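Just so you know, the protein sequences line up as chains A and B, in that order. First residue of the first sequence? That's 1 in this note's numbering, and the numbers climb one at a time after it. First residue of the second sequence? That's 1 in this note's numbering, and the numbers climb one at a time after it.
Calculated from the structure, these hints are not laboratory results. Model, not experiment: these values are computed from the prediction. Do not rely on the hints blindly, as some may be mistaken.
[Stated by the list, open to error] Using C-beta positions, here's what the derived DEER-type ranges look like: (1) L190(A) x R117(B): 20 to 30 angstroms; (2) V86(A) x I96(B): 34 to 44 angstroms; (3) V20(A) x Y151(B): 16 to 26 angstroms.
Every residue, glycine too, gets a C-beta built ideally from N, C-alpha and C.
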Amino acid sequence: MRPVWAGRVRVSALVIFALVMFVPVYWVAIASITPPAALLSKRLSSAVPRQIDFSSYSRVLFESDFPIYFSNSLLVALITTGACLVLSTFAGYALARLGFPGRRFVGDFILLTYIVPPVLLIVPLFSVMASLRLVDTRTGLVITHLCFVLPFSIWMMKGYFAGLPPQLEEAARVDGATRIQAMVHVAFPLAIPGMVATALFSFILSWNEFLFALIFLNSDSVRTLPIGVVSSFSGAVMQPRDWTALMAAAVLSSAPVFLIFLSLQRFLVRGMAAGAMKG
Amino acid sequence: MSTPISTSARSPRPRLRRARSKIGEPTAATLGFLLIIPSLAIICVIILYPLGYTLYLSSTDKVLTDPSSGSFIGLENYFTALTDRNVQKAALNTAILTVASLTIQLGLAFTLAMMLRRPFVGRGLVQGLIILPWPLPTFVAAFAWIWMLDYDFGIVNHALDALHVPRQAFLGDPSLALGTVVMADVWKHLPWTLVVMIAGLSLVPNEQLEAVRVDGGTIMTEIWHVILPTMRPVIVLAVVLRTIWTVNTFDLVFLLTGGGPVRATDIVPIQVYTRTFQSFNVGEGAAIASCLIIALAGLASLYLHLQDQESDL
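So here's chain A without its partners, still in its complex pose (with noise of 0.2 angstroms):
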């Protein structure tokens, strides 16, 4: 039917372009691992170092502040991820399942403040943070970042209940489970793949956030990756005085983010589809 060749084309195709979205990445790490003074090099034989030089992590692990802003990121955003996924597990089961007045308005308006632009928010917000003196904490930047996952995240999770057949939870009541019985023991864990996605998805916007924490924390000693590394490793930012040192920081920053991304990105498809067909 097609030729073969249409086959190879194709397959060839997708490398190519594969290979083109990696190159960033690519010269990210190759720059880590490159002595400094060959980097400096106008030719395009510094894509392939001749030598290599680990001193760059070295500096970054044992000179820097970077193990304090890397435990201060796994904080906020494992605290973020487990906040946003009780939280939009159960207003996904509501919203999906259970029918109260004005459920389709509440639906409606969570979506709607996820276009609020972060930017706008932010001097209000520090006027609340202020108030409830939780500037410069981890916990205040921990309920800043609730606030942009969790509206796509209850959504997501409305989305997938929505996609469960109810038959399930019906039968499990008609054999006498309570309302509540039947939620946490039937929809949850059907709902996993769901949650999964979520967790991923508020785990990795948390980690990569960069504005909220540059506004609200001040002090190293809470400061989370995004910032600590762009303020340690440059002089003004864009101008970066150790380029090896912050290249060698910003992979073992991608590192937990693309280990968690790579074991559980099947996840995602699944979760995404079910959210994105039923609204």
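Take the given structure of chain A and dock chain B to it, following the hints.
What follows is chain B alone, placed relative to chain A:
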């Protein structure tokens, strides 16, 4: 998984059986309320209240460094903002960035999703590589691009040299900066769009595709008559969400260029930022931000309206 999958955005919901509540357990409505209150509370505090406060601020002349400011001036900030050339330029840049990035992303994502349909050896790896930019922290992506495009030491300029094309200052040249930023935005966000497209494509019913093939249709017929109509809700969703996110984008552009050179890549969120945190004129910053929200709210309402239309079919 034998449940027939509905292809409209909101399928006719299975009727919620009004199961009688058992003795002592909360009704559906009560439970629903209880489950949703915590989320609603947080959203109200973190989003609604600041939103209201911002609207209030936009009607004052408050400047953070001037304690005597903060008096009501009505819509004056809006007038100043909308007639300000810098704001107009930023709005234009935002529009260009959004339209360009979205068009490229959608076209690429759909094409790639189609090409990735049939399995081949190494498909998982190829897919993984293409999706890799997604989990990458934005600051890492920014530095990667800055370094790649560096005039003296960047790999892109090395390659141009080898091809005997003159080196370019991609991020430093006002005529190239915006296009470069568009490319970076596409690179960073194509993975998300691609995943959505793959998900949408996976829900296209095979029987209809078979029917077209049996009738002697080409791939274009398949696409036009079966795939695109089936994927419509997914595509609409991707367009709306991506538009909202691209219009609101801040991190990547700020880290790449800071809005320069000479405002070539100044976008509305960056304008809000500079007015609020560099000029400390929060009144004006709030006004610009409010305009942005109003524009986006229009778009979001349109989406919800489209969704409702689908469910009536």
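Status of each hint after checking the structure:
1. Taking the beta carbon of each, L190(A) and R117(B) are about 28 angstroms apart, inside 20 to 30 angstroms as hinted.
2. For V86(A) and I96(B), the hinted distance range of 34 to 44 angstroms is satisfied, since their beta carbons lie about 41 angstroms from each other.
3. For V20(A) and Y151(B), the Cβ-Cβ distance of about 21 angstroms falls inside the hinted range of 16 to 26 angstroms, so the restraint holds.
The structure agrees with every numbered hint stated previously.
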